[in-house]
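Asks: Build out the structure end to end from the sequences listed, making use of the hints.
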Amino acid sequence: MRLEKREAPSAAMLWAAPLLAAVASVVLAGLLFAILRVNPFAALRLLYLAPIASANGVAELALKMTPLLLCALGIAIGVRANVWNIGAEGQFTMGAIAGGGMALALGPTGGWYVLPLMLAAGILGGMAWAAIAAALRVGTNAHEILTTLMLNYVAQDILSWLVHGPWRDPQGFNFPQSKTFAAAATLPSLWGTRLTPIFFVALLAAPCAWVLLQRTTAGYRLRVTGLAPAAARYAGFSASGTVWLSLLIAGGLAGLAGIAEVAGPIGQLVPTISPGYGYAAIIVAFLGRLEPFGIVVASALMALLYLGADGLQMHMQLPLSLTGTLQGMLLFLLLAADVLVANRVVWRRG
Amino acid sequence: MTNLPRRTVLAGALATPALMTRAADAAAPLKVGFVYVAPIGKAGWTYQHELGRLALQAKLGDKVKTSYVANVSEGADAERVIRQMASDGNGLIFTTSFGFMNPTIKVAASFPKVKFEHCTGYKRRVNVATYSARFYEGRYLAGLVAGHMSKKGVIGYVAAFPIPEVVQGINATLLGARKANPNIKIKVVWTSSWFDPGKDREAADTLISQGADVLMNHTDSPTTVQVGEEKGVWTTGYDSDMSMYGPKTCLTSTTMIWDQYYIKRANMVLDGTWKSTDTWGGVGSGMIRMAPLNKAVPASVAKELETATSDIAAGRLKPFVGPVLNQAGKVAIPSGQALTDQQILSMNWFAQGVEGKL
Amino acid sequence: MADLVLILSILVATMRAAAPLLFAGLGELVAERSGVLNLGVEGMMLVGAAVGFAAHAVTGSFVLGLLAAILAGAAMAALFALLTLRLLANQVATGLALTIFGVGLSALIGLPWAGVPATGLPAALWPGLAHDSPALQQVLLLLDPLVWLAFAAVVAVDWFLRRSRTGLALRAVGESAEVAHALGTKVLRIRFLAVLFGGAMAGLAGADLSLAYTPMWVENMTAGRGWIALALVVFSTWKPWWLTAGALLFGFVTIAQFQAEAFGLSFSPDLLATLPYLATIVVLVLISRDATRLRLAAPAALGKPFRPSD
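So the sequence lines, in the order shown, correspond to chains B, Z and S.
Residue numbers are given in the numbering used here: position 59 of the first sequence equals residue 60, and the series is strictly consecutive.
Residue numbers are given in the numbering used here: position 293 of the second sequence equals residue 308, and the series is strictly consecutive.
Residue numbers are given in the numbering used here: position 9 of the third sequence equals residue 127, and the series is strictly consecutive.
Keep in mind that the hints were calculated from the coordinates and are not lab data.
Quick caveat: nothing in here was measured; it's all calculated off a predicted structure.
Heads up, the beta-carbon is just placed ideally off N, CA and C, and yes, glycines get one too.
Misleading hints may appear alongside valid ones.
[To be verified] Calculated lysine to aspartate or glutamate pairs in the DMTMM-like style (CA-CA distance at most 25 Å, straight line):
#: 1; chain 1: Z; residue 1: Lys263; chain 2: Z; residue 2: Asp326
#: 2; chain 1: Z; residue 1: Lys57; chain 2: Z; residue 2: Glu319
#: 3; chain 1: Z; residue 1: Lys372; chain 2: S; residue 2: Glu296
#: 4; chain 1: Z; residue 1: Lys246; chain 2: S; residue 2: Asp121
#: 5; chain 1: Z; residue 1: Lys166; chain 2: S; residue 2: Asp121
#: 6; chain 1: Z; residue 1: Lys78; chain 2: Z; residue 2: Asp103
[What the hints assert, rightly or not] Pairwise CB distance ranges (calculated):
#: 7; chain 1: Z; residue 1: Arg331; chain 2: B; residue 2: Ala56; range: 54 to 62 Å
#: 8; chain 1: S; residue 1: Leu182; chain 2: B; residue 2: Pro10; range: 41 to 49 Å
#: 9; chain 1: B; residue 1: Ala56; chain 2: Z; residue 2: Ser325; range: 51 to 59 Å
#: 10; chain 1: B; residue 1: Val24; chain 2: S; residue 2: Val176; range: 33 to 41 Å
#: 11; chain 1: B; residue 1: Trp211; chain 2: S; residue 2: Glu296; range: 31 to 39 Å
Replies: Here's what the structure looks like:
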């Protein structure tokens, strides 16, 4: 058996590869469970089916998807334009800080205007953090892969400093946390679950991203810059404009995800807000093949792996670290399966 | 933010205790869930809670069915896990980290039939009790031993964050140590991380280089005890008996024993007498126990420790009794007075003799 | 004398803190000089730490523990190399996935050994020093063989990159794979080996933590050191000696902060923690601003895939 390059990428394989990867990852997960000496079928049911067997489970899945989806859309738009934003994690944190700071500044009273202000602050916070990387790239040519990565740590340290110091709840016995946000500063939760309306904003962001990329001039410029930078320059497209646009969009989306997390399920600023959503979102973006609708599916799948590990631990005493193992495996398998898009398997004769 | 309960409230909401007992006996065992913040490992904060869970299961046998989720992060995930436990039919849920406080309160509002117990927090509800231990009593006793064993009069303290539990521990250590040596000092280094063994190592090395000859730590890794063993410097452990990490040099450990509390509270749910309470146990109630002393500790010190332990247990000795001056030399606790629980809980000052900033 | 001991102990503590960063950083430096950006350092370190600890616990041999860690790190890197070099998968995404995968996998592998007490690698005195110098001994006993090995590795890698034929070829591949290929250099083989070396060194860095520096295995025990190593590679402008300087400086800042605190001075440790990252950004800005300087500093083909034409 050997691989032979196809003359054109296979359209069928483009669709079949993710399915193949998904099936292979289920099989590998089953093998892993067998190695860990639990019943693989029961474990697979707990991992993939049990979390979404109830309405509340589905809501939890949607809640978990939200930050992954928002961050991944921004990352994908950037990658399509050849702008590498590794900084969704930091932009997420800055969105939470800016929006959360707004909530704390407006205090316990306040009306309908509080939430819009918080969301705006969150989006702007994320954008501002991404803007640093954009300015450094455009102004000094410092590559955004490295600057955004460094800024993630700076953002986390600033958050830690704020909740241990200036923004610490004075009634909180010096524990590192801010005051809990007032009712007006908390996102409404839907149908008695923890789901907030931001999920639907995130869902809506997917078609918007698609329209932006496929149907607008700006999107066209982004894509051309990404595919053929020389051609883009020749056409007079501004390279710095592309960097600014894609990083600001990514920062805004990640910032929105951050404020949605603290104004929603968390309800205050605490030292740990993101369990690595910004990094996981990069995997989501690639699992979704940088296509907005693919990213919706990919974020659901990644969210499911977070949720499924809870049940595995409760009922089978398997460690939560399975989540990362399975998430990593899933991307590896998809990347491997992608070989079949460009190549065909030939059975060697003779 | 309170969610309406989606699950049908069972008809037994107003049932008498007797009825509930019968229901519990006749039906399936009481399911008890535990939510841990860290992996279990072989020692440490979470490990002690796991020992409590195992003791509960062993003692009540078929009457309870326990389970746990470990390594739960304190962000948005905590509420989902706690909610999942409640939905899975657990009748009693212990959430064992401060960061689980608000999630526990939120979930409790949606599950009025489920009893919740939150460790180290201060928010309660009709179905949320809180419990914690007077860790400082154990620190005082460890300080007493450390004060006797220190030759140079310097105790090194590796601490994560200046939250009250840590500050109480440092002050109590100093006051205990000063019973043995009135001139003893404590040097404090903040690592800004509950869990970073590398930083603990660097902090411990630093304290040794500055003359500390007894090390204590308030972080979640046994690294400080390991460093002491490597360099031949005395240490005291925290959370669990850490002597396995420092067989030659670990003097004793302030350990937390949750077994009796967990058994008592589960029994209360079983016989229908459970109420939301605030428990702050200590040496007296057995929640804080000193691990067996290192052989190197002289008999006279062991004797003094024994006396002090029984005095604290009986309430004759309170660690935070004046006169105590703060770092600025002002009176923090007037002569002859003891701090109230409220004052202890909100402690945000260092006693004179502690070198380090809050 | 007391001051001398204090200074020496700060120096030694700095060197020890720097050692794991040096291992991981040197490995990544070589991989990046060949043009491959592997963001999976943290994951490879953790797998090395877990496997190294487990192998030592099972066999009782430090040498076998270290070897196992090196192999485990290299195996993780081989996975990365297969995907990015052979299958042309995206390096950034694959590297991040490798970290997420490694964090999880190391926790699974290390589960039976989590928190098991262990004694660290025994310290070795610098040859020629006598045991009977109590003050010096106290300080120098801190140095385990891995610290010496880390600094020896700097010399070796620096020599390899600047003086050896293979090192020259590796740098050429990192500057322009196409040109190197045209000159008959086996681009993919060199990149594959460079990535494997990076993984092996990351594995060794993990084992330095789990077998010597903080001898035990606990989930996530690297606590972000893999990311700091990545930052240091940029900070060093891809030069081994500057990497050494960066790692020592980073270690020194931490130790100096603790020393100052123990003297009763205060800092905001959170804000201080941002310094290495801000410093890296500053260095990056300084070298990137000027196109010539950037070309002299950074491997031009970094992160760019190479597809050999058949």
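Asks: For every hint, state whether the structure bears it out.
Replies: To see whether the hints hold, each was checked on the structure:
1. Z:Lys263 to Z:Asp326: Not OK: Z:Lys263 and Z:Asp326 at ~28 Å, beyond 25 Å, violated.
2. Z:Lys57 to Z:Glu319: Given pair Z:Lys57, Z:Glu319 is violated - Cα atoms ~30 Å apart, limit 25 Å.
3. Z:Lys372 to S:Glu296: violated (58 Å)
4. Z:Lys246 to S:Asp121: holds (19 Å)
5. Z:Lys166 to S:Asp121: Given that 25 Å is the threshold and the Cα spacing comes to 20 Å, the pair holds.
6. Z:Lys78 to Z:Asp103: holds (17 Å)
7. Z:Arg331 to B:Ala56: 54 to 62 Å: holds (58 Å)
8. S:Leu182 to B:Pro10: 41 to 49 Å: holds (47 Å)
9. B:Ala56 to Z:Ser325: 51 to 59 Å: At roughly 57 Å between Cβ atoms, Z:Ser325 and B:Ala56 fall inside 51 to 59 Å, so the hint holds.
10. B:Val24 to S:Val176: 33 to 41 Å: Holds: the Cβ-Cβ distance is about 35 Å, inside 33 to 41 Å.
11. B:Trp211 to S:Glu296: 31 to 39 Å: holds (35 Å)
The structure shown violates the earlier hints numbered 1, 2 and 3.
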